[in-house]
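Participant: Sequence:
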Amino acid sequence: MLGIMAVQTIAVRPAATATGLRPEPADLVTAAVEFLLTTAFMATVFGLVRWGIGTAAADAGPVELRLRVAVVSLAVGLVIVGFIVSGPGRFSGAHMNPAITLASFAAGRTPARRVLPYLVAQSAGSIAAAVLSRAAWGPAATSAVVQPAPGWSAGGVALVEAAVLAVIAAVMCRATTPYLPWIMGGLFGLQGAILGTVTGGSANPARQLGPALLAGDHRLLAVYLIAPIVGAVLAARLTRRRSEPA
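When we follow our numbering, the leftmost residue of the sequence shown carries the number 229, and every step to the right adds one.
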């Protein structure tokens with residue numbers, strides 16, 4: 229039952245057929261819930277990174293580092309599932325990711341008037357979580373900033389980030405299974421486990437925004453913000469076009 233409800237709310241709310249760009253009061257309420265969800269989710273992610281990887285990354289060998297990143301990433305995937313199927317998650321859709329919101333809009337599942345409130349909520353939630361993490365752990369909180377391995381260019385990271393979100397968005401737009409929350413969590417967790425020590429495995433503009441701004445580390449920030457959105461939106465548009473009657 230939880231799975232079925234979560235499938236409906238990942239992208240679709242009852243008012244999704246309404247038109248116009250001006251948010252209604254109900255849209256602002258759902259955006260407020262999305263802000264709280266994003267803040268809690270990102271704070272959890274930053275905490276997992278802090279205690280699962282953190283300063284130990286400097287002394288860890290390649291194998292240990294990959295193992296730590298994989299464990300943390302898979303744990304994040306489970307956290308995503310939990311947030312999606314939670315009561316607040318079913319209410320707002322628990323996007324917690326600007327790329328997912330824009331893909332849902334491109335697929336015709338989220339009304340235009342909810343896009344900007346959600347993007348603001350997710351960005352503010354990321355920054356709020358980073359501030360809370362910094363207050364709790366001090367400079368150690370900067371370990372949450374995503375970085376690619378040495379040798380990776382901005383173009384290479386952008387291609388990978390875009391491709392990952394293209395796959396995830398395509399699955400989200402086409403799947404009708406009640407297990408979609410688990411699939412989404414699994415995909416995000418798996419990409420992080422595989423790519424975390426390679427390209428950073430962000431796959432979420434909000435994942436990088438708060439930590440990077442707070443740490444003053446703007447390297448490749450534009451790539452991590454833009455590339456996932458481009459991949460997700462293109463995949464959603466293509467999926468929608470292919471599903472429309474000829």
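In short, the hints are calculated from the structure, not lab data.
Remember, predicted model here, so these are calculated numbers, not experimental data.
Please note that a few of the clues may not be correct.
Claimed, not checked - Estimated spans, in silico, between C-beta atoms of each pair: (1) Glu292 x Leu466: 19 to 27 Å; (2) Val426 x Pro406: 30 to 38 Å; (3) Glu252 x Thr405: 38 to 46 Å; (4) Thr405 x Gly366: 24 to 32 Å; (5) Glu252 x Ile422: 38 to 46 Å; (6) Arg402 x Ser381: 16 to 24 Å; (7) Ser471 x Gly248: 38 to 46 Å; (8) Ala443 x Leu306: 43 to 51 Å; (9) Gly379 x Ala254: 43 to 51 Å; (10) Asp445 x Pro316: 24 to 32 Å; (11) Thr405 x Arg468: 14 to 22 Å; (12) Trp380 x Ala340: 44 to 52 Å.
Glycine is no exception: its CB is placed at the ideal position from the N, C-alpha and C atoms.
Participant: Each hint needs a verdict: does it hold in this structure or not?
Facilitator: Against the structure, the hints:
Taken as a hint, the range 19 to 27 Å is violated for the pair Glu292 and Leu466, whose Cβ atoms sit roughly 40 Å apart. For the pair Val426 and Pro406, the beta carbons lie near 33 Å from each other, so the given range of 30 to 38 Å is met. Look at Glu252 against Thr405: about 31 Å separates their beta carbons, and that is not inside 38 to 46 Å. Separation of Thr405 from Gly366 is about 43 Å and departs from the stated range, judged on CB atoms against 24 to 32 Å.
The beta-carbon spacing between Glu252 and Ile422, approximately 41 Å, falls within the hinted interval of 38 to 46 Å. Arg402 and Ser381 have their C-beta atoms about 32 Å apart, which leaves the hinted 16 to 24 Å range violated. Hint check: Ser471 to Gly248, Cβ distance near 25 Å, so the stated range 38 to 46 Å is violated. As the Cβ distance of Ala443 to Leu306 is approximately 26 Å, the hint placing it in 43 to 51 Å is violated.
For the pair Gly379 and Ala254, the supplied restraint of 43 to 51 Å holds, since their beta-carbon distance comes to about 48 Å. For Asp445 and Pro316, the Cβ-Cβ distance of about 31 Å falls inside the hinted range of 24 to 32 Å, so the restraint holds. Checking the proposed 14 to 22 Å range against Thr405 and Arg468 shows it holds: the Cβ atoms sit about 19 Å from each other. Separation of Trp380 from Ala340 is about 35 Å and departs from the stated range, judged on CB atoms against 44 to 52 Å.
In summary, the structure is inconsistent with hints 1, 3, 4, 6, 7, 8, 12 from the numbered list given earlier, while agreeing with the others.
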